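J.: Residues per chain, in single letters:
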Amino acid sequence: MEQEFHIEERVDRGLPVITVAGEIDVATAPQLREALHGVIAQGQASVVLDLLAVTFLDSTALGVLVGGLKRCRELGGELHVVVTDARIKKIFEITGLNKVFPIVDALAEVGAS
Amino acid sequence: MIEESEVAGSSTLGDGDRVVLTFPARGDLVVLARLVASAISVRVGFDIEELEDLRLAVGELCLLALQGSDARHGDLRLEFTVSSASLDIAGTLVGAVPATARRSADGDEANELSEQILAALVDEHGREQEDGSVRAWLRKRRKGPLA
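Chains as they are written, first to last, in the numbering used here: chain A, 1 to 113; chain B, 114 to 260.
Just chain B, with the same shape it has in the complex (with noise of 0.2 Å):
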């Protein structure tokens, strides 16, 4: 479900704003995430190449989040969070259990390049457990000023 989105109604955004996309964490819905991301990029000015970086980023954030859990129970919660520096996002994975088996047979191999894709396209990202929860997060600067 998702929980919130307020994209389609403003032309764009600015420093203090926030959006908040929560929906089922299954990897079949990570292209929501991607979807956001773009709609997102165009409203804070990013160009096109930052619009890509960030879409193929979040998708990444999004695998790291849900790394190592059983997530078919729970949800994902994705937070972008708009300054006159950056656009943050943090995403949560809430209501999943630990993981009984591997992702998949090329699980380990993805999450390497994970790190390595987000390391050359975001300027920070991190990954964290807090209050039982896994919290992967992203920073991508702004080459300017806020329009």
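Just chain A, same shape as in the assembly (with noise of 0.2 Å):
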């Protein structure tokens, strides 16, 4: 079964990190666009973006990441973006979006990439 879509925002060893779970696509990017906006208006230049838990993700999903790297960077930060799943890193690899985002397969990870 479909895990329901749902987003989580927590603040981990001072860097906020937005959980995402279920799938991120045409209907449900417009979510993560406004919490990722949201934790980047308060001031934040780096965020981590867990998807360990995200089943499916389109190119909607992928166009409000690529926004959301491009305020970070602008503000001198970065976005993470942790990921595990093997039909999810497929989908960074073919838009070649995996030599632009920086990508660890555990929260912990973050400090080290």
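One thing to keep in mind: the hints can contain errors.
What the hints assert, rightly or not - Derived Cβ-Cβ restraints for the label pairs, each shown as a range:
#1 A/Gly38 with B/Asp141: 18 to 26 Å
#2 B/Ser196 with A/Leu75: 50 to 58 Å
#3 B/Glu225 with A/Glu74: 14 to 22 Å
#4 A/Gly43 with B/Ser196: 51 to 59 Å
Claimed, not checked - Pairs of lysine-lysine, BS3-like flavour, derived with a Cα cap of 30 Å:
#5 A/Lys70 with A/Lys89
#6 B/Lys256 with A/Lys90
#7 A/Lys99 with A/Lys70
#8 A/Lys70 with A/Lys90
#9 A/Lys89 with A/Lys99
#10 B/Lys256 with A/Lys89
For the record, the hints were derived by calculation from the structure and aren't laboratory data. These numbers were taken from a predicted model, which means no experiment stands behind them. We put the beta carbon where it would ideally sit given N, CA and C, even for glycine.
Now that you have both chains on their own, put them together as the hints suggest.
T.: In structure tokens, the structure reads:
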């Protein structure tokens, strides 16, 4: 059974973490955009996006991520992506975005990336 | 409204079979296209990787069909056609009017990404204007002969 779309925000080791679960597509991506922009608007230059519980991701979601990354970098920060699912990683790979985003397998690895 | 779907009633789909799905052209309903694409992929004998590829590709096809139009008043009609060599999917936006605003701030980026994803996942794809409607299509060839 598909997991319900859900977004949570928290702070881990001083970095804002946005955790997303479920499918991020044209219907749900606006909620992610709102969360990302909200965190960045609070003055956070670097954000961690935890996609470990994401089951599907389309081009609309990637567009939101790219927009978020640009905003972070304008502020001198970074948008870190945490993902392990091979299907989700494949989408980053076929669009070449695996070379653009710092992608790690676990939240604990963010500082090391 | 779902106009027609005969997926649930048959265990396999073969050469010449066709499934048509029509639904209001809204982003929150694109999930229906993905669900039907998954069901059809199983019934034509695609493996799990091909199924996942097609699920993603059909969603992108829907986004391309919706692109540039105010789809709130239209329907998206998807036609899945099975042949011995491939599965063809065509999405036609009917009854919509040209958009007066961009899809979103990230829309241009997403359109480019849609094209990249389709180019990587399917064998052929395209988008054209046809009799005042937008039509996007894709072809996923079989790895082997029809089971």
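J.: Take the hints in turn and mark each one as holding or not.
T.: Results for each hint:
no.	hint	in the structure
1	A/Gly38 with B/Asp141: 18 to 26 Å	holds (22 Å)
2	B/Ser196 with A/Leu75: 50 to 58 Å	holds (52 Å)
3	B/Glu225 with A/Glu74: 14 to 22 Å	holds (20 Å)
4	A/Gly43 with B/Ser196: 51 to 59 Å	holds (56 Å)
5	A/Lys70 with A/Lys89	holds (20 Å)
6	B/Lys256 with A/Lys90	holds (20 Å)
7	A/Lys99 with A/Lys70	holds (14 Å)
8	A/Lys70 with A/Lys90	holds (22 Å)
9	A/Lys89 with A/Lys99	holds (11 Å)
10	B/Lys256 with A/Lys89	holds (23 Å)
The structure shown violates none of the earlier numbered hints.
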